[in-house]
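Student: Line order of the protein sequences matches chains V and X. My numbering applies: residue -17 is where the first sequence begins, and numbers increase by one. My numbering applies: residue 19 is where the second sequence begins, and numbers increase by one.
A hint or two may mislead.
[Stated by the list, open to error] Think about it this way: if two alpha-carbon atoms lie no more than 25 Å apart in a straight line, the pair counts; the simulated DSS-like pairs of lysine-lysine are:
no., chain 1, residue 1, chain 2, residue 2
1, X, K21, V, K24
2, V, K5, V, K88
3, V, K30, X, K61
Hint data in this document are derived by calculation from the structure and do not stem from the laboratory.
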Amino acid sequence: DIVLTQSPALAVSLGQRATISCKTNQNVDYYGNSYMHWYQQKPGQQPKLLIYLASNLASGIPARFSGRGSGTDFTLTIDPVEADDTATYYCQQSRNLPNTFGAGTKLELK
Amino acid sequence: EVKLVESGGGLVQPGRSLKLSCAASGFSFNDYWMGWVRQAPGKGLEWIGEINQDSSTINYTPSLKDKFTISRDNAQNTLYLQMSKLGSEDTAIYYCARGTNYGGYSGWGQGVMVTVSS
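Assemble the whole structure, with the sequences as input and the hints as a guide.
Tutor: Take a look at the structure:
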């Protein structure tokens, strides 16, 4: 299985930039696409797709969210951070079966 | 609007079976892959498996393949998860999710809680 590694937590100030990383132990690129996706999950709610194929903004997601990366290293950036962004962020790969998720990064405000 | 509503959860004794349902609306159900993801209390997301549009392809995470069965009824716009030989490690919120061509999940239900306990 592909293992996705995320830092457990990140604290940033309102209006600043948050950069959340996700590293995989295998390449998740295939024919020009990186099969990496990002989700936001607020307490008591279901996950919400933010970014798909590493850098594409999902429908209805504000442009403050962006993703980049390829191969085995990926980042989700939130700039500027707003109070409503307090949540846990998960990366997910769909390059190989079984699909796998990172353990999540909890974003907190300083 | 994509709407997914899970049902069938609750308290179940160890070793027993349980079948979850996910009613879909707001989109053409038979055009999409569908999947199940679970989340143990206070833990992260775990992919259970997925099923394609005509049920000809079903994929599972290996550790659950012998316990869980995914199916769908396109006429009823409903996704199912049959769970057997349940143990305490299966206690979790179970989410159904709408798949995409690239393997991500673009719509999620609110989840249903399954508690395995005597």
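Student: Which numbered conditions among the earlier hints are violated in the structure presented, ordered from lowest to highest?
Tutor: Those not satisfied: there are none.
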